[in-house]
Amino acid sequence: MNELLVRAVDSLAAGAACALVAGGIALALSVRRPINLSMLVAPGAAMLIGGSISGICTSPPGWGIILLAVLGSIACCCGIWWIIDQGVDRPMRKAAAPAPLLTAAAVLLIGLIVIERAARLWPMDLSDLASRRAAPATGSLDVPLVGPLHQVTWLIAAATLGGLVLVLTRTRFGLAMRAVGYRPQTAGLLGINVERMIAVAVVIAAALAALGGLLYGMHQGALNGLVLLRPGLISAAAVVAAGPHRPWAVVATALGLGTIESYAAMALPAGAAMRDAILVIIAVVAVLARPADRCGDGVATT
Amino acid sequence: MALQQPESIPKDTGNRPSELAIEPAWGHITPTHRHPWAQFAVSNGLLAVAIVVLLLGGRLIDGPAAIAANLQTALSLICIHIMLAIGLLLVVGTSGQISLGQAGFYGIGAYVAAWPLSTQAVHLTHPGELLSFYTAAAITLAAAAVAAAIIIGLIRLSQRIISPMPVLLLSVLVLWCVIDLATAAQIGRQPYLVWSHAGPGLRAIHDATFTALAPTTPESASILLGMLILIVVACLAAGAAAGVISLTSAGRSPIHLLLLTLILAVGVRSSLWSNAPAALPPATGLPIFTGCAIAALLAVVMIWRIVHSQIGRAMETVREDAVAAATIGIAPRRQQMLALVLGAAVAGIAGALRTQVQRPIDPIEFGLAPGIVLLAIVVIGGRHSISGTVIAAAALSIVPVVWPDATMGWYALLAVGMIVMLRRRPDGLLAGSELWPPAWNRKTAIRESEATR
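Taken in order, these protein sequences are the chains called D and Y. One point on numbering: in this note's numbering, the residue at position 197 of the first sequence is 197, and numbering is uninterrupted. One point on numbering: in this note's numbering, the residue at position 223 of the second sequence is 223, and numbering is uninterrupted.
What the hints contain is simulated information worked out from the structure, not anything from laboratory work. Here the structure is a predicted model, which means the values were calculated and not measured. One should not assume that every hint holds.
Said to hold, decoys possible - Pairs of lysine to any residue residues, derived as SDA-like cross-links and limited to a Cα-Cα distance of at most 25 Å, are as follows:
#1 Lys94/D <-> Val420/Y
#2 Lys94/D <-> Ala324/Y
#3 Lys94/D <-> Ala322/Y
#4 Lys94/D <-> Phe210/Y
#5 Lys94/D <-> Arg423/Y
#6 Lys94/D <-> Ala48/Y
#7 Lys94/D <-> Pro426/Y
#8 Lys94/D <-> Leu202/Y
#9 Lys94/D <-> Ala331/Y
#10 Lys94/D <-> Asp321/Y
#11 Lys94/D <-> Tyr182/D
#12 Lys94/D <-> Gly96/Y
Claimed, not checked - Non-contacting residues of chain Y with respect to chain D, defined by C-beta distances greater than 12 Å in every case (computed):
#13 His35
#14 Val53
#15 Leu54
#16 Leu56
#17 Gly58
#18 Ser171
#19 Thr183
#20 Pro254
#21 Glu434
Stated by the list, open to error - Simulated DEER-style distance windows between Cβ atoms:
#22 Ser309/Y <-> Gln185/D: 38 to 48 Å
#23 Gln185/D <-> Arg424/Y: 24 to 34 Å
#24 Arg203/Y <-> Gln185/D: 54 to 64 Å
#25 Gln185/D <-> Leu298/Y: 41 to 51 Å
#26 Ala96/D <-> Arg333/Y: 20 to 30 Å
#27 Tyr182/D <-> Arg333/Y: 19 to 29 Å
#28 Met302/Y <-> Gly162/D: 51 to 61 Å
#29 Gly162/D <-> Gly153/Y: 30 to 40 Å
#30 Ala96/D <-> Ala138/Y: 35 to 45 Å
Ideal placement from N, C-alpha and C gives every residue a C-beta, glycine not left out.
Please take these sequences and the hints and turn them into a complete structure.
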């Protein structure tokens with residue numbers, strides 16, 4: 001039973017990290033249409049940058065180094081995705097229908113290649129950063145079930161997403177951002193700088209994705225191509241299952257999917273090898289049952 | 001006095017709008033009236049000649065005096081890439097959907113075809129065993145699908161009790177399944193619920209069916225028959241996967257399909273046989289280049305005919321305006337599903353051929369990156385140009401086939417090329433035109449219009 005609880009706690013922390021990533025992607029999706037696909041690799045990029053920063057410093061890292069790695073990776077990701085938005089996505093915003101999505105796919109491919117190459121050239125392990133997690137499933141009673149890293153993950157996820165809700169619903173800035181999401185042309189007529197709002201949303205989304213990705217990576221340890229992509233994939237599955245126009249449903253679904261996927265990977269006999277198959281099955285079953293349509297607007301957009 | 005209706009206005013025949021006879025814009029081409037068999041011979045004569053030429057020319061590469069094994073492999077892989085790109089052209093160009101999963105469907109076809117050869121030691125020269133294996137697999141899958149459909153149907157029906165009940169039930173179901181399986185694995189027996197017995201139960205159904213069917217089938221037959229069975233099964237499997245994907249994304253935003261195919265591509269890449277290359281028996285001596293070349297030719301002709309047929313025009317109408325298409329009697333979802341399934345079926349056939357070209361099959365060929373690269377090939381060649389796509393597929397596939405080590409760098413270059421092309425020349429290299437004269441496409445349309453009348 002102790003092992004079951006340890007796995008459940010670990011899975012819930014991984015799920016919270018995925019919820020952060022999904023929050024970022026849902027924000028980018030609600031403001032910036034069509035979806036910025038390259039955002040799916042932002043968590044992986046953050047893991048690599050955070051691992052590089054912590055690798056330069058002394059080991060084992062203290063909380064200061066962890067903070068530096070987190071802030072450094074967030075800043076780098078914000079910069080990279082701002083450049084992508086301004087340099088690649090912005091000129092395609094008014095192009096004919098499939099061109100922006102195709103451009104987004106091309107940028108995703110470049111991102112995939114870059115992080116896969118980087119992971120191969122500089123193999124990294126975030127277990128140093130994750131050393132403050134509770135001990136693995138040894139059954140020992142003197143190890144606390146909930147370690148500092150779990151607490152930090154839950155706290156950061158709750159505080160960040162709660163802060164985002166407050167900003168989006170209680171401030172003029174949030175109102176302007178939502179207006180751009182609903183009707184960009186009308187928002188522009190009202191005096192809102194649409195392009196600036198989109199750029200700010202992309203930067204905030206990249207920051208959330210980076211933060212979530214780094215926290216997820218700390219729970220995984222060694223990084224490879226699939227670990228780097230997984231938080232983005234879970235978020236994509238959450239968007240598919242919950243519907244792209246319900247950001248908070250996406251966040252909740254990502255929390256559930258991340259927790260279940262992580263638990264299944266740890267607990268099932270062939271779970272580690274079948275992680276992405278589990279994700280595909282969960283996503284397809286979730287969409288077949290169409291739970292999103294039962295919870296409110298099931299508006300189909302064509 | 002009754003007003004006389006002018007002759008230029010066609011009478012209302014009471015037909016549905018989609019069935020109205022619309023005068024073609026190419027009136028200068030006179031429709032010919034031949035016997036149906038003569039018409040068939042004229043329509044397919046060139047194709048038959050091309051197949052004969054390929055059969056004769058392919059002997060130079062496949063025959064006893066083969067030029068080189070590497071060249072044979074490279075040319076076969078290029079033909080396979082042409083098939084993949086032309087299948088994707090139907091989805092992206094004609095139907096207007098964006099799929100990142102073409103390489104995933106290719107992987108499904110390849111692994112479904114390789115499955116009995118690798119795990120069951122069934123040989124291509126024993127098509128009876130192959131048929132028994134796939135029949136057993138189909139029965140097992142049908143049993144699993146019926147069980148899943150009952151469960152999902154009950155969950156969907158539960159919304160009549162309370163609106164959010166399906167969400168709760170689905171969450172409980174998934175958690176129940178995971179915890180039960182995990183506990184069963186931990187304890188080493190199957191103590192609890194039905195989920196723990198699902199895997200062994202399905203395997204038992206498969207083994208029992210396989211054993212029951214095997215003695216009734218012939219022991220050995222032509223190797224080509226075995227290959228044909230592999231191709232048909234791979235085609236059906238990839239098409240079925242595409243059908244499920246299309247059903248789940250029907251009537252939703254294009255992002256659904258995009259993300260679902262993305263997840264599928266990554267799932268196929270990472271989970272098939274735990275990332276291990278499929279170990280296949282040695283090459284069978286099939287004329288594989290000839291087979292690949294003929295399959296590529298048939299795929300190109302099939303897609304060309306579909307694009308210029310009533311179905312193709314319906315797909316284009318849906319692409320341009322789904323609501324307008326629906327008002328004239330075209331079912332948008334059906335057309336989109338048809339395009340995705342046909343494109344995936346072509347990819348499945350390519351996958352079945354891939355099992356005989358080069359060994360082993362490495363899952364890295366089927367991931368997300370190759371899927372986006374296929375998309376780049378279609379964009380660079382031209383989303384509305386079959387000949388442009390074929391040329392781009394043949395030209396751009398050479399680098400990864402000849403220099404596998406440079407694959408990733410080449411992929412990055414293709415992605416940059418795709419971005420540049422979308423900005424500077426969105427219709428592709430040939431600007432949406434074809435290498436053959438436009439009258440050929442028009443003749444196809446006229447023949448079809450005659451057949452409809």
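Handout entry: 12 Å Cβ clearance of glutamate 434/Y from chain D
Key = The claim holds: glutamate 434/Y sits with its nearest Cβ about 20 Å from chain D, beyond 12 Å.
Exercise for the section: Sort out whether valine 420/Y lies within 25 Å of lysine 94/D, counting only the CA atoms. Expected result: holds, 16 Å
Practice task
Test the statement that leucine 54/Y is away from the interface with chain D: the closest C-beta pair must be farther apart than 12 Å.
Solution key: Given that every Cβ of chain D is farther than 12 Å from that of leucine 54/Y, nearest at about 33 Å, it holds.
Exercise for the section: With a cut-off of 25 Å on the C-alpha distance, tell me whether lysine 94/D and phenylalanine 210/Y pass. Expected result: Since the Cα atoms of lysine 94/D and phenylalanine 210/Y sit roughly 57 Å apart, the hinted pair is violated (cutoff 25 Å).
Exercise for the section: For the pair we were handed, lysine 94/D and alanine 331/Y, check the Cα-Cα distance against 25 Å. Expected result: Given that 25 Å is the threshold and the Cα spacing comes to 29 Å, the pair is violated.
Exercise for the section: Quickly compare the C-alpha distance for lysine 94/D and arginine 423/Y to 25 Å and report which way the hint goes. Expected result: holds, 11 Å
Problem - Least C-beta distance between histidine 35/Y and chain D, which was stated to exceed 12 Å - result: holds, 44 Å
Problem - Holds or violated: lysine 94/D to alanine 48/Y, with C-alpha atoms at most 25 Å apart - result: violated, 46 Å
Practice task
Could you tell me whether the CB distance from glycine 162/D to glycine 153/Y stays inside 30 to 40 Å?
Solution key: About 38 Å separates the Cβ atoms of glycine 162/D and glycine 153/Y, which means 30 to 40 Å holds.
Exercise for the section: Starting from the range 54 to 64 Å, see whether the pair arginine 203/Y and glutamine 185/D falls in it by beta-carbon distance. Expected result: holds, 58 Å
Problem - 20 to 30 Å as the expected CB spacing between arginine 333/Y and alanine 96/D, which holds or is violated - result: holds, 23 Å
Exercise for the section: Starting from the range 38 to 48 Å, see whether the pair serine 309/Y and glutamine 185/D falls in it by beta-carbon distance. Expected result: holds, 39 Å
In summary, the numbered hints that this structure violates are 4, 6, 8, 9, 18, 19, 20.
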